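There are 2 protein chains.
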Amino acid sequence: MRANRIPIKQEEGEASPFELRRQKIYDWMAREGISMVMFEDFEGRRDPSIRWLSGQPSDALLFLWAGGKSLLVPWDANMAALYAQTDAVIPYAEFERQAVKALRAAALFFKVPPGSRIEISPSTSYTSFLKYLEEADDYDILCRIDCAHSETEQLRAVKDEAEQQIYRKAAEITNEITDLLEKNVRAGTLGSESDVALFIEGESRKRGCEGTGFETLAAGAERSFGIHAFPAYTAEPFAGPGLSILDYGLKYMGYTTDVTLTFVRDPSPAQEKMLTLTEKAYAKSLSLLKDGVSAREIALAADAVFSKARKSMPHSLGHGIGLEAHEAPALSSRTDNSWLLRAGMIFTLEPGLYDPRHGGCRLENDILLTPEGAEVLTNSRIVRL
Amino acid sequence: MRANRIPIKQEEGEASPFELRRQKIYDWMAREGISMVMFEDFEGRRDPSIRWLSGQPSDALLFLWAGGKSLLVPWDANMAALYAQTDAVIPYAEFERQAVKALRAAALFFKVPPGSRIEISPSTSYTSFLKYLEEADDYDILCRIDCAHSETEQLRAVKDEAEQQIYRKAAEITNEITDLLEKNVRAGTLGSESDVALFIEGESRKRGCEGTGFETLAAGAERSFGIHAFPAYTAEPFAGPGLSILDYGLKYMGYTTDVTLTFVRDPSPAQEKMLTLTEKAYAKSLSLLKDGVSAREIALAADAVFSKARKSMPHSLGHGIGLEAHEAPALSSRTDNSWLLRAGMIFTLEPGLYDPRHGGCRLENDILLTPEGAEVLTNSRIVRL
Numbered sequence: 001m002r003a004n005r006i007p008i009k010q011e012e013g014e015a016s017p018f019e020l021r022r023q024k025i026y027d028w029m030a031r032e033g034i035s036m037v038m039f040e041d042f043e044g045r046r047d048p049s050i051r052w053l054s055g056q057p058s059d060a061l062l063f064l065w066a067g068g069k070s071l072l073v074p075w076d077a078n079m080a081a082l083y084a085q086t087d088a089v090i091p092y093a094e095f096e097r098q099a100v101k102a103l104r105a106a107a108l109f110f111k112v113p114p115g116s117r118i119e120i121s122p123s124t125s126y127t128s129f130l131k132y133l134e135e136a137d138d139y140d141i142l143c144r145i146d147c148a149h150s151e152t153e154q155l156r157a158v159k160d161e162a163e164q165q166i167y168r169k170a171a172e173i174t175n176e177i178t179d180l181l182e183k184n185v186r187a188g189t190l191g192s193e194s195d196v197a198l199f200i201e202g203e204s205r206k207r208g209c210e211g212t213g214f215e216t217l218a219a220g221a222e223r224s225f226g227i228h229a230f231p232a233y234t235a236e237p238f239a240g241p242g243l244s245i246l247d248y249g250l251k252y253m254g255y256t257t258d259v260t261l262t263f264v265r266d267p268s269p270a271q272e273k274m275l276t277l278t279e280k281a282y283a284k285s286l287s288l289l290k291d292g293v294s295a296r297e298i299a300l301a302a303d304a305v306f307s308k309a310r311k312s313m314p315h316s317l318g319h320g321i322g323l324e325a326h327e328a329p330a331l332s333s334r335t336d337n338s339w340l341l342r343a344g345m346i347f348t349l350e351p352g353l354y355d356p357r358h359g360g361c362r363l364e365n366d367i368l369l370t371p372e373g374a375e376v377l378t379n380s381r382i383v384r385l
Numbered sequence: 001m002r003a004n005r006i007p008i009k010q011e012e013g014e015a016s017p018f019e020l021r022r023q024k025i026y027d028w029m030a031r032e033g034i035s036m037v038m039f040e041d042f043e044g045r046r047d048p049s050i051r052w053l054s055g056q057p058s059d060a061l062l063f064l065w066a067g068g069k070s071l072l073v074p075w076d077a078n079m080a081a082l083y084a085q086t087d088a089v090i091p092y093a094e095f096e097r098q099a100v101k102a103l104r105a106a107a108l109f110f111k112v113p114p115g116s117r118i119e120i121s122p123s124t125s126y127t128s129f130l131k132y133l134e135e136a137d138d139y140d141i142l143c144r145i146d147c148a149h150s151e152t153e154q155l156r157a158v159k160d161e162a163e164q165q166i167y168r169k170a171a172e173i174t175n176e177i178t179d180l181l182e183k184n185v186r187a188g189t190l191g192s193e194s195d196v197a198l199f200i201e202g203e204s205r206k207r208g209c210e211g212t213g214f215e216t217l218a219a220g221a222e223r224s225f226g227i228h229a230f231p232a233y234t235a236e237p238f239a240g241p242g243l244s245i246l247d248y249g250l251k252y253m254g255y256t257t258d259v260t261l262t263f264v265r266d267p268s269p270a271q272e273k274m275l276t277l278t279e280k281a282y283a284k285s286l287s288l289l290k291d292g293v294s295a296r297e298i299a300l301a302a303d304a305v306f307s308k309a310r311k312s313m314p315h316s317l318g319h320g321i322g323l324e325a326h327e328a329p330a331l332s333s334r335t336d337n338s339w340l341l342r343a344g345m346i347f348t349l350e351p352g353l354y355d356p357r358h359g360g361c362r363l364e365n366d367i368l369l370t371p372e373g374a375e376v377l378t379n380s381r382i383v384r385l
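Top line first, the protein sequences correspond to chains U and G.
Oh and the first sequence: position 35 is 35 in this note's numbering, straight run, nothing missing.
Oh and the second sequence: position 19 is 19 in this note's numbering, straight run, nothing missing.
If you are wondering where the hints come from, they were derived from the structure by calculation, not from laboratory data.
Some hints could be false.
Which copy is meant is left open, so a pair is good if it fits within one copy or across any two.
[To be verified] Distance condition first, Cα-Cα at most 30 angstroms in a straight line; then the derived DSSO-like pairs of lysine-lysine:
| hint | residue 1 | residue 2 |
| --- | --- | --- |
| 1 | 101 | 311 |
| 2 | 131 | 101 |
| 3 | 284 | 183 |
| 4 | 131 | 111 |
| 5 | 290 | 308 |
| 6 | 284 | 273 |
| 7 | 169 | 280 |
| 8 | 280 | 290 |
| 9 | 206 | 251 |
| 10 | 311 | 273 |
| 11 | 111 | 101 |
| 12 | 183 | 280 |
| 13 | 308 | 251 |
| 14 | 206 | 183 |
Note that this is a predicted model, so its numbers are computed, not measured.
Please put together the full structure from these sequences, using the hints given.
This is how it looks when you write it as C-alpha cells:
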C-alpha cells in the first residue's frame, strides 16, 4: 500500500474534514471583518495549517475568502491533484512564483473590493511586508499577532474525529516498532545508535508511514546527558552500560507521534535515583490530567517532584503534537503559560533528568485527553536490560 | 572517530577560519556605519551563517560588534563549549530566551552608545520588528534587504580554503557510497526505495558524517516523473524497469554534497532520448564553466539543448551548496539572475527531464570552480542496469 494513497474516510456528499475546518475560519473572518486570508508554506517558513485546511502536504499558498471559498496555489500542481481538496487550484508558476502577485490575483478571483481587509501571516518578514504595502496598496493588508493564523493554530490544538482516527493508527505502528526495538536491543542485533535509528526509518516506511516526524535522537550512555544530542545519531554504541536515550516519532498521514525510551544497563545508585524520580514525575503529572485543567499546573506538579529531590528538569514537561512535532498546547511551568487542557488535545508528557557525569534519562508518551480523562496512546517505557 | 570531534586544521596562534570570516563582516560594518549586528538561528528560522561565523552548529544568537569582538548566545551552552569559537559566550537562558533582551544585553556588554545603528535579520517578522522598535528604542534598529546578513551570504558563496578541504573529504565519502550503491543495486541487495535511502544513512554515519544534508529522494520508475517525489522514499521497489531517480547528499562537518543518479533498466526509445538529452545538456553546461562566466548564460545553454529537442526542464540547472543544501549562487535562466561564477564557488549542475508517461531522469554533480576551470568533485552518473 502506498503511504500517499490513504484517504481520510468520507461518505459521498459529506463535507470533507478540510471543509469543516475552513468553515470555522470563515466564521472567524466574518466576525473580524476580514475579506481574505493568505496562508504560506514554503522552505524556510513552514506552515502546516495549509495541510490542515486543504490536504496539500507542502509548498503552497492558500487563500480563504469570507464568502466561503478556498483557492490553493501550489508549487507542484501534480501533488495538488493527488492531495488537495479546495474549491479552486491555480499553479504558483502562473504568478511567477511571487506571493504578492498571487495575492492580487486571488483578490480579483474572489472579487474582493478595493479597501477590504486582507490578512497575511504574522511571520511575514518586515522587508516583505513593505512590498505588500507597496504592491497591494488598494487593499488594507493586515499583519498581526492575533489573526486567522493564530486562530487556526488554536483550533489545531484540539484534534477532530478524523485526526484522532489517524493518531490511533499512528500510535499502533509506533507501539509495534517500540516492541520490536526492545526485542532487538535485548537480542543484541541493534548495537549502534545508527542501527536503532535506521531500524525505525525502515520499519516505519514498511508500515505506510511518510517517515519520521523529526530526526531520531539516539544517544548512547556517553552522550545521553545532552537534551538534544548532536549529531542526532552516530555509528557509536547504543544501550551499553549506563543510560541511553532514544527519542523518535513516526509521521503518518502528516501527523507525528513523539516518544522517548531510556535503555538502562548496570545502573549506578545515582542513575537509579534519576530513573525513579523521572517515573514518579511522569506518574504524578499523568494522574492530574483531566478536561479543563491548567497545563501549567500539571507542569508545576512534575517540577515539584524533582525539586523536592533537589533536581531540576531543564525543559518543559510536554507539548502538543500534530502536523508539527511541537505545537500547541504548551505544558510548561512558565508564568505566561495560560493553556487549559481540553478533551481532544493530543500532547506529550516527557519528564527527564540530565547529568554530565551520569547521563540522561527521559520517559515520553503521547496522551489523548478525553472527556473521561487521559488516554495514553503510546507504550514507551524505561527498558532495564 | 566521533563526527563531532573533527577540528578544522589550525596552527597554534593562527586566526581561526571563523575569526577571518568575522573580520570581513567587521570591515563591512565599519564601511556601513553599523555598530552591532545580530544573527539568529532557531527552529523555523534557520541561519547557518552563525555556524559559518562561529562554529556553533545551531540554535543560537550571534552578535558582532564593530570593535571587532563577537558574542555567542547559545540555547545549549554545552554544545557551545564543544564547537563555538567566539570571544564570549552567554547562555540564552540568562535572557529568558528572549532575543530582544539578549540584544539589549549585548549592546551593554559591548558598550554600544545609545542612538547607534544595530542591524537585525531581514527575515525578522514585522510583528517582531515592532517589538524591537518598542523595547530597544534607544538604538536605531535596522531591518533591511541589503545588510550584514546578505553580505555574509554573498561571502559564503565563495568557499575558503578550510571549506574546500571539507568538501574534498565530503565528496570522497559521497563517491565511495555512490560506488557501493551501484554495486549493491546491480547485485540486487538494495531492492526498495527505502533500502537505498537507509543504506546511505547508515554508510554515511559509519564514515563520520553528521547524516544526510536533506531527506534522500529515492523514486522508483513509477514515481520518478515528480521532481521532488512525495513521500521522499517508500517501501516500494527501486530500479525496476524504466527510470529510477536517486537524489542524495551527505552532511560532513555541516557541509552538504548533493548528487543525483538515474538508474535505468530496459529503457524505451523515448526514455533513451531523455537520457541522451540530459547527458548532452550536462556536458554542454560543464564545458562552458570558467571563472567569471555568467551563471545565467550557463543555464541558458542547458535550456537550449532541451528546447532544440522540443523539451523543457522544469527547474533550474543548479545552485550553490554549503552549510545549506540550496544557497548562492543560483544557476537559473531567470532574467533577474545576475550571478557571476567565481573561483572557489561550489555548486551543482543538475539537468533533468520529467514525463508522467516515461518517468524522470536527472544527472547531478558537485562542481568546484578553480582559476583553471571546473573540477567535478563527485562521480554521480546514469547507471544502465
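Okay, the hints, checked on the actual structure:
1. 101 - 311: between (55 angstroms within a copy, 27 angstroms between copies)
2. 131 - 101: Both, since 11 angstroms and 29 angstroms are each at most 30 angstroms.
3. 284 - 183: Answer is within; shortest intra-copy Cα gap is 29 angstroms, inter-copy 54 angstroms.
4. 131 - 111: Within. Shortest intra-copy distance 22 angstroms satisfies the 30 angstroms Cα cut-off; inter-copy 35 angstroms does not.
5. 290 - 308: within (24 angstroms within a copy, 68 angstroms between copies)
6. 284 - 273: Classified as within; 16 angstroms inside a copy, 66 angstroms across copies.
7. 169 - 280: Classified as within: same-chain Cα gap 29 angstroms, cross-chain 48 angstroms, threshold 30 angstroms.
8. 280 - 290: within (18 angstroms within a copy, 65 angstroms between copies)
9. 206 - 251: Both: 13 angstroms inside a chain and 26 angstroms across chains, each within 30 angstroms.
10. 311 - 273: within (11 angstroms within a copy, 67 angstroms between copies)
11. 111 - 101: within (15 angstroms within a copy, 44 angstroms between copies)
12. 183 - 280: Within. Shortest intra-copy distance 25 angstroms satisfies the 30 angstroms Cα cut-off; inter-copy 52 angstroms does not.
13. 308 - 251: Neither, since 37 angstroms and 43 angstroms both go past 30 angstroms.
14. 206 - 183: Both: 18 angstroms inside a copy, 24 angstroms across copies.
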